[in-house]
Amino acid sequence: MSDSAKITLATAWLDGCSGCHMSFLDLDQRLIELAEKVDIVYSPIVDTKELPRDVDVGILEGAVSTEENLQVARRFRERCKFLISLGDCAVSGNVPSMRNTFDLDDVFDRAFVETVQTQPGRPTESLPTLLRTVVPIHHVVNVDLFVQGCPPSADTIWYVLTELIAGRTPDPTQLTRFGA
Amino acid sequence: MNLEDLAEIAEQSVEAEKSQRHCVRVCMAASCQSSGAGAVLEGLRQHAKQDADGGVHVKPVGCMGLCSAGPLVSVDATESKTEVMYKDVKPDDTEELYAGLDGAPLERLRCPTDIPFFACQQRIVLKNSGIIDPENLDDYIAAGGYSSLVRAVTEMTPADVLREVKQSGLRGRGGGGYPAGLKWSTVAMAPEPHKFVICNADEGDPGAFMDRAVLESDPHRVLEGMALAGYAIGAEHAYVYIRAEYPLAVERLKKAIKQATKKGLLGRRISDTTFNFEIEIRLGAGAFVCGEETALMASIQGLRGQPRPRPPYPAEEGLWECPTLINNVETLANIPSILARGGDWFKGIGTETSTGTKVFALAGRIAHSGLIEVPMGIRLREIVEQIGGGIPDGRRFKAVQTGGPSGGCLPEEHLDMSVEYDTLRSAGSIMGSGGMIVMDETSSMVDVARYFMEFCMTESCGKCVPCRAGTVQMHELLDKIAEGRATQADLDLLEELCDVVQATSLCGLGQTAPNPVLSTLRYFRHEYDEKLRPESERLPPLPVVTGDH
Amino acid sequence: MPGPPVTTSTGMKVRVVTLKINEHDIGARETDSILDVAQANHIRIPSLCFLEGLSTWGACRLCVVEIEGYPRPVSACSTTVSEGMVITTHSDRLKRYRRTILELLFAERNHVCSVCVSNGHCELQDLAAECGMDHVRVPYRNQPYAVDSTHEMYRVDHNRCVLCTRCVRVCDEIEGAHTWDVMGRGIECQVITDMNQPWGDSSSCTSCGKCVQVCPTGALVKKGTAAGEMEKHDEFLPYLAQMRGNR
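Protein chains in written order, with the working numbering: chain A, 1 to 180; chain B, 1 to 549; chain C, 1 to 247.
Don't take each hint at face value.
Here are a few chain B residues that sit away from chain C, every Cβ distance over 10 Å (derived from the structure) [to be verified]:
#1 R21
#2 H22
#3 Q33
#4 L415
Coverage of chain C stretches by chain B, computed from C-beta distances (three or more under 8 Å per stretch; other residues unrestricted) [stated by the list, open to error]:
#5 70 to 77
#6 97 to 109
Since the hints were made in silico from the structure, they are not lab data.
For each residue, glycine too, the CB sits at the ideal point set by N, CA and C.
Take the sequences, apply the hints, and build the full model.
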């Protein structure tokens with residue numbers, strides 16, 4: 001049950017390694033403290049199927065590299081009052097964007113043909129529609145806060161969330177940076 | 001060679017011309033040449049040769065100005081006779097034209113000379129252009145050439161020369177408008193024994209051909225100006241840095257240097273004085289940035305043509321770290337006249353802060369395009385509507401672009417502005433080197449800005465980050481706006497990049513690269529706004545891959 | 001008024017001038033650059049292409065500062081101080097300029113910090129943190145650049161190059177080999193070895209490795225280093241530069 005006094009938080013994981021969410025889980029016992037003030041309404045770590053309409057804080061991990069990523073990013077922007085890009089993939093494209101300098105056909109071949117021993121070949125279904133270029137989230141929707149790091153440390157995430165809970169706008173640049 | 005010798009040559013030339021029945025001048029500047037003036041000249045020469053009566057002198061000359069109507073032929077442009085000018089002359093027309101020399105002029109090809117295009121001009125730099133044979137030194141001398149130099153070295157001190165130039169109020173014609181006298185004084189006062197003079201003939205603005213025309217039409221005038229500069233500042237060596245894309249100008253310069261040296265007007269012991277002055281030519285290999293003075297000097301020294309931070313200015317530390325005076329072609333071409341008639345005379349032309357005349361290359365959507373020289377302070381409207389003959393095809397005027405890629409676009413409401421360094425700058429453009437492109441209502445100002453940004457992007461030397469990487473991003477944003485893919489956020493970003501590139505770039509090229517965007521935004525912002533899509537329809541940066549993937 | 005001349009360690013007489021940097025009154029020799037003077041007075045001005053011991057290049061434009069009465073900011077590395085200068089090093093405008101210049105650099109080539117051998121020891125990365133550049137607004141150019149691993153000990157990864165030309169200068173001015181230079185124009189510029197030969201085939205390279213040590217990013221690195229392992233040491237440079245200067 002959601003407590004209306006609590007801040008609602010939604011997170012999603014786009015094209016990334018889930019490391020940022022792992023770092024979030026690294027909050028360890030602080031998660032309990034967090035749960036007293038924050039209601040996680042949508043996230044890979046909770047069991048909700050739909051993003052609610054009005055969310056206070058949205059956190060996106062990962063870059064935008066598929067049509068689905070694009071939809072998620074847009075939905076988050078629409079429904080979250082404050083949107084955070086968490087981690088280098090979300091902020092800069094990072095490792096997922098390294099495919100941008102290659103032809104997409106070559107990327108597919110490398111992934112599904114050249115490096116596969118059994119039954120090489122491109123899958124014909126359940127492959128997401130890829131964007132030609134992987135981009136950071138703020139290149140498709142407006143983002144309110146950027147938290148760099150690969151991944152940002154649990155301390156950084158803690159700092160960001162506690163500042164937000166306290167009603168202040170955090171400045172995480174003193175705690176983290178690209179590649180940190 | 002002293003003043004008497006010069007006078008004698010001049011007298012002989014004048015006598016020779018008087019004895020002729022007719023003098024037929026054929027424009028052999030690059031523009032007319034490319035539309036077939038060579039064959040016209042040859043045809044007329046054949047007729048003159050076969051003429052039993054003789055007495056017709058067919059003479060190749062430099063630019064007559066009205067390039068859009070070339071090849072141009074002028075008959076009897078002398079004080080005692082009435083000039084008849086012909087336009088669009090084809091080799092087949094020469095027989096008819098020649099036949100008309102003594103009879104009625106050939107009306108079919110006649111180009112009136114009393115139209116504002118010619119009548120509203122005031123020629124100092126272009127005084128001999130289209131009149132004298134640029135490859136004939138005696139012709140230049142007959143027009144008073146080299147008398148300023150000979151008088152200066154025999155009768156004046158360097159300080160006297162400097163005083164006249166200072167008094168004239170002449171400002172640099174290459175774009176910056178720095179007072180020439182001040183620059184000269186700085187170099188003159190430098191204690192170093194070795195100094196240099198450089199003539200910057202690396203004209204690179206799109207649509208600008210003033211310097212080319214001056215060098216092709218009257219090369220000795222520039223050489224004389226350089227020698228006077230050398231005398232005033234105490235330099236014995238000079239370079240003309242000229243772009244290799246001007247082969248005709250290069251050829252004529254080479255020839256002119258050879259002729260003048262042979263006559264003792266350049267080289268060692270000029271006019272039997274102790275003043276030596278040698279001029280060498282250096283060819284530019286097509287980099288726009290080499291028109292920037294520090295890049296130009298690097299190029300002369302055999303280094304990679306890229307700018308360095310100033311100060312030190314070339315006047316303090318220039319070529320091989322020696323004090324160096326760099327002036328543009330047109331600036332130097334003014335010097336012989338200033339010395340001949342005095343700084344006060346020059347100061348009397350134009351306005352208080354912008355003295356003298358300015359040569360413009362008039363181009364674009366205008367009836368008469370070509371080369372014009374007008375007094376400073378003239379209204380833009382007079383240039384566009386009278387000299388230029390207005391906009392053809394009944395279209396409306398929209399903007400005039402001055403100053404090339406470093407300049408800006410001025411709209412209708414600025415047409416009554418007077419053409420001066422400071423007024424143009426305060427209106428968001430610059431005088432520049434003299435390119436003037438007229439645009440009509442069919443021109444898209446976003447496209448104009450994009451065109452100039454592409455120019456700056458490809459011509460960036462790549463040394464400093466804002467210019468190298470910033471122009472690329474600005475061009476990309478302009479592309480996006482022009483193609484209707486951009487939102488307000490993109491336009492905001494473009495404006496911010498303009499600010500950064502303008503404020504932080506290393507040299508003038510980068511610092512002024514945003515000007516075409518800024519001036520079109522200032523006067524034609526609605527054209528940008530019309531192309532923006534709402535934020536809610538923001539597109540992903542690149543199209544989605546669909547189909548077989 | 002400028003003070004009386006003082007004698008430097010090299011026996012040259014220079015004047016002392018007084019100026020203001022960020023409201024502090026400072027005395028300095030008139031031959032020093034603004035960057036020198038700021039450094040000596042513990043005022044940090046971000047810079048990238050500048051390196052003590054090498055000639056001044058003035059190209060990164062990160063060290064731009066404002067001087068009262070000047071029409072536009074100037075690079076602190078290439079501008080010498082003069083009497084009465086009033087200098088600002090960290091106005092909001094300058095901070096914004098620096099951030100934007102860093103954005104342009106990050107978008108120009110492919111600086112993926114997390115997998116870079118210089119991660120954690122990179123001047124570009126540090127500058128982004130120092131200047132608060134936490135995201136790049138302009139589109140990434142995503143152009144592929146070559147990696148040359150032909151040299152026995154070193155590697156050049158043009159994806160990480162910022163064209164500061166420290167390698168070019170150290171090779172020419174300190175080592176005296178002039179193996180490195182720049183080719184191309186504008187965005188096409190690239191550092192090259194010899195006449196754009198593979199580094200391993202260079203006949204002029206002495207394999208001294210100075211270029212690697214002065215490179216601010218992961219563009220020039222030692223082979224066999226994994227992500228984050230490439231630490232650089234350019235402390236040798238001022239000493240060598242001084243020794244060369246004294247000869």
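_Those earlier numbered hints the structure runs against, lowest number first_ = none
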